[in-house]
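So the sequence lines, in the order shown, correspond to chains A, B, C, D, E and F.
Using the numbering used here, the letters of the first sequence map in sequence onto residues 1 to 307.
Using the numbering used here, the letters of the second sequence map in sequence onto residues 1 to 307.
Using the numbering used here, the letters of the third sequence map in sequence onto residues 1 to 307.
Using the numbering used here, the letters of the fourth sequence map in sequence onto residues 1 to 307.
Using the numbering used here, the letters of the fifth sequence map in sequence onto residues 1 to 307.
Using the numbering used here, the letters of the sixth sequence map in sequence onto residues 1 to 307.
Heads up, a few of these hints could be off.
Claimed, not checked - Only part of the chain E face toward chain F is listed, based on derived beta-carbon distances under 8 Å:
#, residue
1, T100
2, A149
3, D207
4, S277
What the hints assert, rightly or not - Here are the simulated lysine-lysine pairs, BS3-like style, with alpha carbons at most 25 Å apart:
#, chain 1, residue 1, chain 2, residue 2
5, C, K55, C, K203
6, A, K55, B, K224
7, A, K203, F, K295
8, A, K6, D, K203
9, C, K203, E, K295
10, B, K6, F, K224
11, B, K55, E, K295
Calculated from the structure, these hints are not laboratory results.
Where a beta carbon is used, it is the ideal one built from N, C-alpha and C, also for glycine.
Number of protein chains: 6
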Amino acid sequence: MFAHNKRLQYTVRVGASNPGLANLMLEQFGGPQGELAAACRYFTQALAEDDPGRKDMLMDIATEELSHLEVIGTIVAMLNKGSKSRLSEAAESEAELYRTISGHGNSSHVTQVLYGGGPALTNSGGQLWNAGYIDSIGDPSADLRSNIAAEARAKIVYERLINLTDDAGVRDALGFLMTREIAHQQQFEKALYSMTPNFPPGKLPGDSRFTNVYFNMSQGEGDKRGPWNSDENFQFVTGGAAQQSVDGDGEASVALTSDEQSLLARLAERTASDPASDPMTGAELGMSGEMAAEKEAESLERDSPAR
Amino acid sequence: MFAHNKRLQYTVRVGASNPGLANLMLEQFGGPQGELAAACRYFTQALAEDDPGRKDMLMDIATEELSHLEVIGTIVAMLNKGSKSRLSEAAESEAELYRTISGHGNSSHVTQVLYGGGPALTNSGGQLWNAGYIDSIGDPSADLRSNIAAEARAKIVYERLINLTDDAGVRDALGFLMTREIAHQQQFEKALYSMTPNFPPGKLPGDSRFTNVYFNMSQGEGDKRGPWNSDENFQFVTGGAAQQSVDGDGEASVALTSDEQSLLARLAERTASDPASDPMTGAELGMSGEMAAEKEAESLERDSPAR
Amino acid sequence: MFAHNKRLQYTVRVGASNPGLANLMLEQFGGPQGELAAACRYFTQALAEDDPGRKDMLMDIATEELSHLEVIGTIVAMLNKGSKSRLSEAAESEAELYRTISGHGNSSHVTQVLYGGGPALTNSGGQLWNAGYIDSIGDPSADLRSNIAAEARAKIVYERLINLTDDAGVRDALGFLMTREIAHQQQFEKALYSMTPNFPPGKLPGDSRFTNVYFNMSQGEGDKRGPWNSDENFQFVTGGAAQQSVDGDGEASVALTSDEQSLLARLAERTASDPASDPMTGAELGMSGEMAAEKEAESLERDSPAR
Amino acid sequence: MFAHNKRLQYTVRVGASNPGLANLMLEQFGGPQGELAAACRYFTQALAEDDPGRKDMLMDIATEELSHLEVIGTIVAMLNKGSKSRLSEAAESEAELYRTISGHGNSSHVTQVLYGGGPALTNSGGQLWNAGYIDSIGDPSADLRSNIAAEARAKIVYERLINLTDDAGVRDALGFLMTREIAHQQQFEKALYSMTPNFPPGKLPGDSRFTNVYFNMSQGEGDKRGPWNSDENFQFVTGGAAQQSVDGDGEASVALTSDEQSLLARLAERTASDPASDPMTGAELGMSGEMAAEKEAESLERDSPAR
Amino acid sequence: MFAHNKRLQYTVRVGASNPGLANLMLEQFGGPQGELAAACRYFTQALAEDDPGRKDMLMDIATEELSHLEVIGTIVAMLNKGSKSRLSEAAESEAELYRTISGHGNSSHVTQVLYGGGPALTNSGGQLWNAGYIDSIGDPSADLRSNIAAEARAKIVYERLINLTDDAGVRDALGFLMTREIAHQQQFEKALYSMTPNFPPGKLPGDSRFTNVYFNMSQGEGDKRGPWNSDENFQFVTGGAAQQSVDGDGEASVALTSDEQSLLARLAERTASDPASDPMTGAELGMSGEMAAEKEAESLERDSPAR
Amino acid sequence: MFAHNKRLQYTVRVGASNPGLANLMLEQFGGPQGELAAACRYFTQALAEDDPGRKDMLMDIATEELSHLEVIGTIVAMLNKGSKSRLSEAAESEAELYRTISGHGNSSHVTQVLYGGGPALTNSGGQLWNAGYIDSIGDPSADLRSNIAAEARAKIVYERLINLTDDAGVRDALGFLMTREIAHQQQFEKALYSMTPNFPPGKLPGDSRFTNVYFNMSQGEGDKRGPWNSDENFQFVTGGAAQQSVDGDGEASVALTSDEQSLLARLAERTASDPASDPMTGAELGMSGEMAAEKEAESLERDSPAR
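Just chain A, same shape as in the assembly (with noise of 0.2 Å):
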């Protein structure tokens, strides 16, 4: 069960009212990297672990980034404190307000209109959260690498947001929050390693015909070999042939019944394209009379001869 307290994680000092930067905030309140798919991440494989230690380390951190969230989406309604009322009770003339809301340049405005400067679940352009953004699916040695790398994501965003405001007040709680992910990187990181082996995840072996195999298929000058690709590491292929069809012919087939086989035959019958055809098409139609004609001198010109 969860309970609240009144006083935040964090203490948040806004320096002055800023709708623009309060949009920018939402990054992190209703954006992919944000608090609340941080928090659903870690409360949801909470939920279905049956591990205890990590049932408990789950349900630690998703509380924490619940506060998190409640963290940031305070830095978002202070800085629009200012503007909130402004429009509610349409204190200046249409034309300023319609000014004011539009020169941010950035979405504030759906904030404002929509949101009436409340924090919106939705990133910094305005997009609706959705469920999409959590990847959580009931495996730990896949999970915890997922919260791992979801951690090191918030931390870099939390990096841009803090290098792009000047409000020390803001500043010093994005500066709380991000360093809080890097403290959640490393708990992910022990639990990940105190079971072992988690490498590869799950319980089927590949194949060892592909394990150690790696692919050249991107060509050209640009090849680079480092210990990705490595001969130390891998087993590097290159080379069109010996990538495509490595196990047989490279065809797919089907068994069918022979029901199956004349029900296919007769639709490949209706909609069959005839190859030996030169159909009038309705690009043709809606040529202009100039176009047409010079589109039948060109062809006349390619079947001449001469060419």
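Position chains B, C, D, E and F against the provided structure of chain A, taking the given hints into account.
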């Protein structure tokens, strides 16, 4: 530039038509852990990457994932080959067709009616693929970790699909695809650790007061210790008071101009709730007479001294 | 700040594994009327609210909804507990597993394959949760009404779920959750009516010519009168002429600059349709000879004087 | 059946081209509180409704909302009329066009480039309309409350848009649309209360132990009392212990078969974390030498007796 | 199988960094008419196609579209090259960076903060790409028409983008991409008409009573005739009566079992509205005293005989 | 302005309750090829259209599609009529209800539990309708082609639904709806070709070097020729070298300022990968001892001269 060769990277030999199984396979065609997501993930990273080695590797693997998308999509097409013509040629009685299409115990009716049996960019439940599945953010220390995690997840989903079919040809091809995820994960790991340092991600250091703190936010029976919150590795903080407002009073504030303050006051006054009122409400209007009477009685009782 | 206690708000005692039922329960976990939507709805309102009473109430209820999210998610996890390991440990033959996962008559295959049996933030049909479910707009006279309605809807969905299971433990927990929606609705009703006036919502009054008009726009057999369009309460307007262009000529106009006018003329000319033409079309090109002949005949017939 | 008359329900007289304002107007065309959402909401309810009075009213209002959709869409088209041809006829230098399209301080570039200036089914930030905005669930005691709330929200958004423009014609038409939301709200209110009883919604009664309980789940400075949690109306429960596991031990359980139990044990063993380990992790591999040394030192210090 | 060559299909020479323009370009990278949509469209059709000629053509064009995706994505990456490092290296003061990122008059802040300047699979307004953009349904007479239309739309969007930039290198590459859409349209046209007959699409013929009818459903000033509704081509039906219930009484009915009938009656009774009531409502509870008095007066007046 | 008449455009006579069939019908109610998409498509085009003939036609057809939406929605409502009250009145035992709702072999449980049996704006798999289904872009040469294609697709989906039911009344109504798609397609075709020229779409001509080129990008066994790539119609280009970098060196470049260059260098240096390293990775940390040993051996073997 891409080129295509008509031979598949891996041969597909399907044992029999099976639209229900085809639908499950969509999980790795148009699902969140599927091959389109993988290809888009690495391809978009490759375009923005400036490190020559990583750029080459990302494009190599993106191209391979496109080739895998072709393999899994071909499996879907083969499994649907028999039933596809059944619906379009209306070969059976309607009642029989209805039974067929509704009887696979999953959402294969969508694939048949809407997509005509072709491979659709949805997951196995019909959810449309969306770019929220892709978590690239343009920083290699984060993106490589995301890629490692993505490969781990894809490996698990293939493992689950393998466990669900006894069609030998399908199992064989799925085995190849699963194995390649293992190989890719290793390649991304090598690339991550050949960039040093890569932790913490990005450039800004964390605030050392909070980098190694573990907040024990979920309490009660079930609290566990482990390397992820051990005293060796972390400063373990427990108890509500120690966790909240770690830096000050935990209050939120914003400096408003006097104009903003007076507008806010106007708004507050206009929308104030009256804590001393006991208003009649819509719910009470909507109760049956009997229920309203009961409620009245209950309220009287609560007021009575004996309670 | 949030804290978590490992004891649930309500005890969950599930009678037996049942992944099909687990899937139905997702409706209130990650569905539009579910607990995540409820928690997010009240939490985001609380952050932006300035009235101390409403702010406190919204946070109280948001926190309780998070605790309900935990209860319903735990029900899902318990119902899937048995089947979860079946797939990951591949305990049965593949054919048997396939039958199990495809045989629940609903989308539980998604939950098993994609989410490994964990509670997913989707509805019971696999649709990803999205923030479009949340309709907070930052005005208390609107938001409280939205909350009242949301509680009513959630109550109904719980009622339907209760009607669908005979697992006594699940019914018991669902009954608690359903009841709390009733309690919350009453609380929001009290809060709405303790703010006076709260109708019409917002600050601007309506245009008195149209505030009490009822337009009878759907006509024919089945037209009914009632308090919602009675003469006592509303000015009942019927008949096409009286309902259209209630204020003028019903035309649309915009004052354009002369530059804009000439550009628009150029665009119009370039894309004009010729009403006097009878062009050959792609449809005609695509008809079979027989059909084209029929069509020709038909057209002749239509032109004939006798028609 | 629907019919259309070319005269608008309300005359639209736009003062001048203004694509930035056009974009704001999209909020009520393709936004969550807009007219398409309203029309779809009432229309789908009408189709399923069996009560003759409500069915008629829902269709009346749905039809009017379609007529409003036409009015607001026409406003958008008029505001874009001048700029639409500018882009398609490429009347100005490219640099000038770029400045024009990028200078409205909102997302009007999307409307221009992607939709050619036509009214798009997106909100003012470009978010695609989706049916998650519609919360009809097929129970009149819930749906009518949802409709009342929806009208309240739409009224507020119109009020905000009116406050943002000084184009007299646009304000006039918006005023009409806003007023009709007030009228509709009153109609739905009458319909709700003419169905008795309508509270609690649905058929199942609540559990009387919890129907009138208020859980004070958010605590600390700022706790308030009011009619929504007064002792007259509710049983006020506060303090963690009283709120959790209100019915038993707050534990979750499921009765598993012995097969399920042994499979679960196998899974647990395979994925167990080792609480006694202190594994090397990827984060440590990724640290710079300096940071790793510091960390080591710190850990030693923590172990020292003086701490 | 796909292979990749590091040389682009068309050379990209960008004149200068321009993140605002980069954002506009996303329209054809991750927008609905963009290259990812095109590639996915033809690729999924190719996989399911059985006609050898069409299958080959679809794969040829799909592969080219992937190569175009690389070209447009590279343009985005080049345009962002300069600004990308600015944010990650925090080279300027925060205030300056904020001005830069908020000053492009479009949503480029999303691209910078969230995606680090890399090409994102969103449109120019930040809307995530989703597979609903792809309308393949697995019937060639429909899919080829969809492809023709898709190429026409993509051509127009490229034309608009060309009109918006004076960067010669960007214009040059966009010109190539635009031209290829024209070429592809012609190819799909040829393929459509080489399948005969292709109209009406599919196998079932239409009902001849309604195949050539034109219903004039929008009436009033502005009614026009043209080849699309001329008497030569269509049977023109006008007037409400002639258009509704063209086949019977226009009623809806379903044969119910007697059990179903009695249940329906129970439901109807429980939720009946009372047309004769005039209930007090929530709206009235919420009015100010003044407004309620006015309303009362108004109602009395309406009842007075003189009205 | 719209008006509604209670008689349907086509009579609906449903033979018996059938919630499973109801769900399939949703494909044309709230699916991508359904009537809401059609109505929205033509309605939004009509609002922005300036050509009087097309504007009238678009509004005629939009209005008819709304009337079709009513017909198909009514079919859904009738098919669900019997089962709707079953759930809300809880007429049967829970186990029986559960069997009923889970036994239709498709997603009808969503419709019943979430939407109470009303027609929902989802496709037959429960995917929420979204405006990404609508591809109007405000250019008639493109939009009319899109409309032609949309009608073709809708015709096919109706054909498939007809093939799936033997309820005579449902088949009859579906037959009418299918036929009207044929009629509309013909109307849009006439409108397209009455605008001359209409190809290429828009105003800018293509680059004549590439307008008639066919790139043979998918090679290998299965390469076919036909009118879509014949020498008569197109310049057929094959072979990798001839297809890539058709205009120059195929490189990408951007002119950067010197500041940008030095920042980029800083970023590159900070995130450089070291191709000469062979770092220990997380994957290796995560392997079992046995696997790590094997890997080591394998690597030694690869280094041995005999290989």
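Hints, verified against the model:
no.	hint	verdict
1	T100	violated (12 Å)
2	A149	holds (4 Å)
3	D207	holds (4 Å)
4	S277	violated (23 Å)
5	K55/C - K203/C	holds (21 Å)
6	K55/A - K224/B	holds (9 Å)
7	K203/A - K295/F	holds (18 Å)
8	K6/A - K203/D	violated (37 Å)
9	K203/C - K295/E	holds (18 Å)
10	K6/B - K224/F	holds (12 Å)
11	K55/B - K295/E	violated (72 Å)
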